[in-house]
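With chain A fixed as given, assemble chain B onto it according to the hints.
Protein chains in written order, with our numbering: chain A, 3 to 329; chain B, 3 to 329.
The set of hints was computed from the structure by calculation and includes no laboratory data.
All of these numbers come straight from a predicted model, not from anything done at the bench.
Please note: incorrect hints may appear among the correct ones.
No copy is singled out in the list; a pair is fine if it fits within one copy or between any two copies.
What the hints assert, rightly or not - Calculated pairs, BS3-like style, for lysine-lysine (alpha carbon to alpha carbon, straight line, at most 30 Å):
#, residue 1, residue 2
1, Lys280, Lys203
2, Lys256, Lys203
3, Lys280, Lys81
4, Lys203, Lys81
5, Lys172, Lys256
Protein chains: 2
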Amino acid sequence: MRQAGRSLPEYRRLRGDGDILDAIAKPELAAELTLQPVRRYGVDAAILFSDIVVPLAAIGVGVEIVTGRGPVIDRPFRKYEDLRRLRPLEPEADLAYVLETIRMVVGELNVPLIGFAGAPFTLASYLVEGGPSRTFARTKALMHGEPELWHQVVDRLADIALATLRAQVKAGASAIQLFDSWAGALSPSDYETFALPASRKVLEGMGDLGVPRIHFGVGTGELLALMSEAGADVVGVDWRVPLDVARRRIGAGKAVQGNLDPAVCLAPAGVVIEEATKVLQDAGGEPGHIFNLGHGVLPETDPGVLAQVVETVHNWRPGTPSGEVAG
Amino acid sequence: MRQAGRSLPEYRRLRGDGDILDAIAKPELAAELTLQPVRRYGVDAAILFSDIVVPLAAIGVGVEIVTGRGPVIDRPFRKYEDLRRLRPLEPEADLAYVLETIRMVVGELNVPLIGFAGAPFTLASYLVEGGPSRTFARTKALMHGEPELWHQVVDRLADIALATLRAQVKAGASAIQLFDSWAGALSPSDYETFALPASRKVLEGMGDLGVPRIHFGVGTGELLALMSEAGADVVGVDWRVPLDVARRRIGAGKAVQGNLDPAVCLAPAGVVIEEATKVLQDAGGEPGHIFNLGHGVLPETDPGVLAQVVETVHNWRPGTPSGEVAG
Chain A
3 MRQAGRSLPE YRRLRGDGDI LDAIAKPELA AELTLQPVRR YGVDAAILFS
53 DIVVPLAAIG VGVEIVTGRG PVIDRPFRKY EDLRRLRPLE PEADLAYVLE
103 TIRMVVGELN VPLIGFAGAP FTLASYLVEG GPSRTFARTK ALMHGEPELW
153 HQVVDRLADI ALATLRAQVK AGASAIQLFD SWAGALSPSD YETFALPASR
203 KVLEGMGDLG VPRIHFGVGT GELLALMSEA GADVVGVDWR VPLDVARRRI
253 GAGKAVQGNL DPAVCLAPAG VVIEEATKVL QDAGGEPGHI FNLGHGVLPE
303 TDPGVLAQVV ETVHNWRPGT PSGEVAG
Chain B
3 MRQAGRSLPE YRRLRGDGDI LDAIAKPELA AELTLQPVRR YGVDAAILFS
53 DIVVPLAAIG VGVEIVTGRG PVIDRPFRKY EDLRRLRPLE PEADLAYVLE
103 TIRMVVGELN VPLIGFAGAP FTLASYLVEG GPSRTFARTK ALMHGEPELW
153 HQVVDRLADI ALATLRAQVK AGASAIQLFD SWAGALSPSD YETFALPASR
203 KVLEGMGDLG VPRIHFGVGT GELLALMSEA GADVVGVDWR VPLDVARRRI
253 GAGKAVQGNL DPAVCLAPAG VVIEEATKVL QDAGGEPGHI FNLGHGVLPE
303 TDPGVLAQVV ETVHNWRPGT PSGEVAG
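Chain A with its partners taken away, still in its complex shape:
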């Protein structure tokens, strides 16, 4: 469960309210923040405490993560000359602290660690907009208006994502996740032209390492077949698409990940368990299902409820009727 730490008092105590990028840059702290939710919830994998903009900050892009808003870029990217600011990432030099965190975490974990990166479209949208956007208007104007520049931006971002993911696996991550968080803002045709090729470069570029590749975005119902084609082994789905429908769109031979609504986790425990059970029932089928929320854990979530969700998932056997699981 991504961002599960945010719901934990021990996380808030340790993390304080300092800059998240500073916390990520301290391996001992970042390792402990990665481990906390695993200890508390007994989940089957850990996800690295980091952020998709970390590689951008590491190559010198001025970026700050503003609480309640998201990443803010100090000089947005809109011209050819801005390309110069996207130099290749050298993970051992630029992201030594992330790799050190991974080595420390892997030394203590007895479940797999999932590394991750931001997909080129989503990172490009932050660079072009200068921050989070509701409309992605500047991004879409640039991709349609200057497609050649756009393709160079996302190609460089693909190289950066690939470099960080390969380094994360070499440092000990057992699986990777490519977050195309905002791809769902695109029409299928725009996704296919302006986002898919660069994501495919990343996912296919990981093929020789033999680790599972998870691909996820929010509101991607119409894009699932294309996201699957981009080279994922597992396609993550938010709560908008029931997992049986998602499986049909994703196609044979791929696993699904998801998709309990994080907002539903604020309802009373009985309701949450019933909804988690529905997810497990919808997910039936091969080759596998990674139970997860459909997006990050909301900070106001009751850790006790999440613990019950984990127990529900662990006790689940196909065929169990809804509501009789966590009794």
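This is chain B only, laid out in the frame that chain A set:
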């Protein structure tokens, strides 16, 4: 094209930067603001200059529309006692200025006027959250945690929507649109349980008036069949779902509305016209297509580009190849 006025200099001059609810309350001003985009673009219908929260303000709910943010409710609704604040709407008394605006507009228009209301789920989400939300966490917690209270809230909001829509038609509107703007935040199962029944009450309650009923929300790809079932004659679709796919989900006997991406309208004119043409091609089929953007016009849109889009639509004949339309 909803919110088309925002792109026009004559709109910005006339409207100034005063409170939008004040502008809506002045029939002469609101009528002129309704007519401006029709004059400028020569579109085939007008949409009333108003806002979905107007009936709430009219029954005494403290609501302000904050620029760049949206409607903000001064005392959010979360308890049974809050129901008292949702008294029935008496349109002739409470919304006399809206009805007066409609009469003035209809007197000057030679195209149909579309009236509208907010759907119960979307209005309830504002009331419960206290404003716009990214997660709808409080709304979902309430609907799942206190379903009986939730159903009473949306049932009262259905009565309010129905009262305003019926009054708008009696005053001269030739079609109505029910905006369930944020329904796309719900899973299909939550939509079916917590939103659809109240929307159906509104749409079916309009059945005897014989005017076309349009039903629209953003990000509703998985909900189209259900939104169609709720009793619409036309289902509006955003740009995420190609219209041929949307038609299959909506089912026979219903028209589609949409779905050019408003953000794509910021690209160079040639691209915009090509994309508009794709929409027209995808929409082929019976019984009809209302060309529209997939959401409101963005304020920074070039009116010259929108004028070319309108021309493209007016010149369109099925079978025209892409890119050869507006030449």
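These are the hints, each one checked on the structure:
{"no.": "1", "hint": "Lys280 with Lys203", "result": "between (35 Å within a copy, 28 Å between copies)"}
{"no.": "2", "hint": "Lys256 with Lys203", "result": "within (19 Å within a copy, 41 Å between copies)"}
{"no.": "3", "hint": "Lys280 with Lys81", "result": "between (48 Å within a copy, 28 Å between copies)"}
{"no.": "4", "hint": "Lys203 with Lys81", "result": "within (23 Å within a copy, 52 Å between copies)"}
{"no.": "5", "hint": "Lys172 with Lys256", "result": "within (24 Å within a copy, 55 Å between copies)"}
When each numbered hint is compared with the structure, no violation occurs for any of them.
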